[in-house]
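K.L.:
Protein chains in written order, with the numbering used here: chain A, 47 to 478; chain B, 47 to 478.
Think of the hints as simulated: they come from the structure by calculation, not from any bench. Glycine included, every Cβ here is placed at the ideal spot set by N, Cα and C. Among the hints, a few may not be true.
[Claimed, not checked] A few chain B residues that face chain A, going by a derived Cβ cut-off under 8 Å, partial list only: (1) Leu68; (2) Ala70; (3) Asn72; (4) Gly73; (5) Asp74; (6) Ala77; (7) Ala189; (8) Ala195; (9) Asn197; (10) Glu345; (11) Ile376; (12) Ile409; (13) Ala413.
[To be verified] Label-pair ranges, simulated between beta-carbon atoms: (14) B:Arg417 <-> A:Leu282: 48 to 56 Å; (15) A:Gly327 <-> B:Arg429: 32 to 40 Å; (16) B:Ala281 <-> A:Ser48: 58 to 66 Å; (17) B:Glu238 <-> A:Gly327: 56 to 64 Å; (18) A:Gly425 <-> B:Glu289: 26 to 34 Å; (19) B:Lys96 <-> A:Gly394: 40 to 48 Å; (20) A:Asp143 <-> B:Glu49: 52 to 60 Å; (21) A:Arg393 <-> B:Pro433: 58 to 66 Å; (22) B:Glu288 <-> A:Gln431: 32 to 40 Å; (23) B:Gly306 <-> A:Ile427: 52 to 60 Å; (24) B:Asp411 <-> A:Ser319: 42 to 50 Å; (25) A:His446 <-> B:Glu289: 33 to 41 Å; (26) A:His446 <-> B:Thr220: 26 to 34 Å; (27) B:Ala239 <-> A:Ser48: 36 to 44 Å.
[Unchecked claim] Pulled from the structure, derived: some chain B residues nowhere near chain A, Cβ distances all over 10 Å: (28) Pro83; (29) Asn144; (30) Asp267; (31) Glu274; (32) Gly368.
2 protein chains.
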Amino acid sequence: MSEAVKIAIAGLGTVGVGALRLLAANGDLLAKRCGRPLVVTAVSARDRNKDRGIALGNAAWYDDAVAMAAEADAEIVLELIGGEDGVAKAVCEAALDNGRDVVTANKALLARHGADLARRAEAADRTLAFEAAVAGGIPIVKALREGLAGNRIDRVSGILNGTSNYILTTMQNTGRDFDDVLAEAQTLGYAEADPSFDIDGVDAAHKLAILASLAFGVGVDFDGVYVEGIRNISALDIVYAEELGYRIKLLATARQTDHGVEQRVHPCMVPLSAPVAHVDGVFNAVVAEGDFVGSTVYEGQGAGAGPTASAVMADIMDIAAGRRGPTFAIPAADLPPMARASMDRHRGRYYVRLMVRDEPGVIADVAAALRDEQVSMEGMIQREQVPDQQGAVQVVMTTHETEEASMIACLDRMAGIDAVLERPRMIRIEAL
Amino acid sequence: MSEAVKIAIAGLGTVGVGALRLLAANGDLLAKRCGRPLVVTAVSARDRNKDRGIALGNAAWYDDAVAMAAEADAEIVLELIGGEDGVAKAVCEAALDNGRDVVTANKALLARHGADLARRAEAADRTLAFEAAVAGGIPIVKALREGLAGNRIDRVSGILNGTSNYILTTMQNTGRDFDDVLAEAQTLGYAEADPSFDIDGVDAAHKLAILASLAFGVGVDFDGVYVEGIRNISALDIVYAEELGYRIKLLATARQTDHGVEQRVHPCMVPLSAPVAHVDGVFNAVVAEGDFVGSTVYEGQGAGAGPTASAVMADIMDIAAGRRGPTFAIPAADLPPMARASMDRHRGRYYVRLMVRDEPGVIADVAAALRDEQVSMEGMIQREQVPDQQGAVQVVMTTHETEEASMIACLDRMAGIDAVLERPRMIRIEAL
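Here chain A stands alone, though its shape is the one from the complex (with noise of 0.2 Å):
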């Protein structure tokens, strides 16, 4: 058999010691398929002396990352560090610079420098690898790249964050509010002490920043993501969608307007027929859509150390196989600046909620106010209910499609009316 694939891993968390361990039990089985052993020639982390639960075996040890990837007895570099840039980047840079490849899961790196890492990986005549950055084990970065390469992409879409999947999951099995089960999920170790960067949609963002790049052969554009988290969902929201014949979701769509690139996380209704409306959990999903296959989806775990070690092995064999390509699948110099679409001009149905004190001609003044901004009604749930201490009953509408600009216009008069008792609560209804 050829010589050995050599790796150097910079950060030993739990992708890091997922590879090793993935490394161990299958290493005969990855030799067969890409013909050549795979052996840890060097690793780097914080702390040399913690307990990992694993051997290191040979591996050169580095306190310092960035040396490691500049000078190692290595081809290929694991960058499982993590962070927009700081040593995660330092790192990447290191490798590419003095001719290695680099493997990545890092999708916070890849949204903010993904282009310049990417013209660097190039320059260098080097593969910048990253499956591992979106969508956990589900290989949709090789479909986008590959698998579907012969289509136009119109769409892609998914869950693609696992904590807010498994929050709203719970809130639809237990009919609990938002703030009662993030607090379990923080318990559980489901949701970090810190949710932000998960329930506001920062994390889902990142990667469909990083899918909207691949799928469309432009730039990768964070900045142009609209991002909106579930903080905003109630029990009441959930009960409604399903009466409706939807699921909430945290859907993060890329597509192609006719006014550029529409990129956006935000909640959304989704219809039960859709796949996506029964991926629960930590479970990840991804929609895509081209002009001659069609609508495909790709399921799978989102997170966790052997399903990202999975994504990591993918593209190291790939790497070893020889199987190598520009980063975002057409070099890093032809890919033109994203065309962004403004948010104002997106254009869909929407879901509304208003709390209104329980008296006459409420109803009218709602319906003056969408008649006014031009939004249709298509339907409305206003039930006999017995009012709140505050006198307050709950009404909900669904519209007929209409542009963004205009519903906000009409939430905000909405908003204005003395008997609305608080700011109207609005969710995008996704057609799938």
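Starting from the known structure of chain A, fit chain B onto it as the hints suggest.
P.N.:
Chain B only, in chain A's frame:
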């Protein structure tokens, strides 16, 4: 830009014309993605004068596809003729022997002669690619061969035949019986005049044999697939499945067991919680389970000009970009023969429906048959029913997990009971 990728197409049916349309529509984009323009330099089909609704440009016409494969000015030959040997096989052989790469959509050919063709391709240092042979546009071959390459695959399972799934979905939605729905499907063009290939499970078995080889790193073994179609599924079974919380699907499953590899195509009851339970109509889906990645699911259109052309094009782009590898992920010479697990030793739960004369003692006899074969009943449905003209009523039961051989012996015994009026219907319940 570099020299063009020259392509010869053997077969201008639905898929061949689909590939031409895709090249006409997306040629510029494809050239950007693979760094070289794609040009069709030669074509061959039965009838030169047929109007196919698309221009053949300057492509050289060959009446003899095998001659074209051997002589044409092309580096890639597309075999889109079909059939498990004959011209299709000769085209692939002629192309490989003359130093050309081959892209095929031919599952029958690969299921029968995959190992031989792989050896031939590798001897010639050429690529034999076949994404389009399994599950249409879903990039499942690439996922198993590359995307999940870090895993030991335990199981691959899927809905691989659109015609059967369309029939079962329509039976489910309308309550109509098999023969009726099949006749309609034939009228609508969703089923062939001779539907056997699809509804008796042969087509799904071809595809399964290919997936099993890729997933487990063993030789293709089509003759080792247990095959049972959907002819015996009745509207009654669909009603009972619904009541028990299942959907009936024609599932193709390959699994590593302690006794070897199980390969089986047969109708299954799948729980409503399983993603494949909701894959309806002509859609296909594949579930692949790996030791690190866990369960991953892939869905999309399993047939048709567009999806198949998309898959063919992905293979062409890989070749054009220099992404190559052994046909079945590891070199053909290293593929051990598949160790077949006998279907007798399959373990699972079972659904059994009996038509019995409504008289005392029948259930006692049935229960005795179960006891004698050590099959443990899990539940039974026997409602107050008005007996039909024969004085018959339906009894439905489900079993705990048992071995297939015991179940078959049990069914034989039941069939021998005087008051059991027809051979009991059995459907396997699939744990997913």
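K.L.:
Does the beta carbon distance between Glu238 of chain B and Gly327 of chain A stay inside 56 to 64 Å, or does it fall outside?
P.N.:
41 Å Cβ-Cβ, so the 56 to 64 Å window is violated.
K.L.:
Are Ala239 of chain B and Ser48 of chain A spaced within 36 to 44 Å by their CB atoms?
P.N.:
violated (53 Å)
K.L.:
Do the Cβ positions of Gly425 of chain A and Glu289 of chain B conform to the proposed distance bound of 26 to 34 Å?
P.N.:
holds (32 Å)
K.L.:
Holds or violated: the hint that Ala77 of chain B contacts chain A, with Cβ atoms closer than 8 Å.
P.N.:
violated (10 Å)
K.L.:
Does the closest beta carbon of chain A sit nearer than 8 Å to the beta carbon of Asn72 of chain B?
P.N.:
Constraint on Asn72 of chain B satisfied, holds at 6 Å.
K.L.:
That 40 to 48 Å hint for Lys96 of chain B and Gly394 of chain A (C-beta), does it hold up?
P.N.:
holds (45 Å)
K.L.:
Could one say that the CB atoms of Arg393 of chain A and Pro433 of chain B fall in the range 58 to 66 Å?
P.N.:
For Arg393 of chain A and Pro433 of chain B the Cβ distance comes to about 59 Å; the hint holds.
K.L.:
Taking 10 Å as the cut and beta carbons as the points, is Glu274 of chain B off the interface with chain A?
P.N.:
holds (28 Å)
K.L.:
Tell me if the interface restraint on Asn197 of chain B is satisfied: Cβ within less than 8 Å of some Cβ in chain A.
P.N.:
Holds - the Cβ of Asn197 of chain B comes within 8 Å of chain A, reaching about 6 Å at its closest.
K.L.:
Measuring from the C-beta of Asp74 of chain B to each C-beta in chain A, is the shortest one below 8 Å?
P.N.:
This hint is violated: Asp74 of chain B lies away from chain A, its Cβ roughly 10 Å from the closest one there, beyond 8 Å.
K.L.:
Would the stated hint for Ala413 of chain B survive a check requiring a Cβ distance to chain A of less than 8 Å?
P.N.:
At 38 Å from the nearest chain A Cβ, Ala413 of chain B fails the 8 Å test, so the hint is violated.
K.L.:
Under 8 Å, Cβ to Cβ, is where Ile409 of chain B needs to be relative to chain A, so tell me if that hint holds or is violated.
P.N.:
Ile409 of chain B check fails; min Cβ-Cβ to chain A is 38 Å, beyond 8 Å.
In this structure, the earlier hints numbered 2, 4, 5, 6, 12, 13, 17, 20, 27 and 32 are contradicted, and the remaining ones agree with it.
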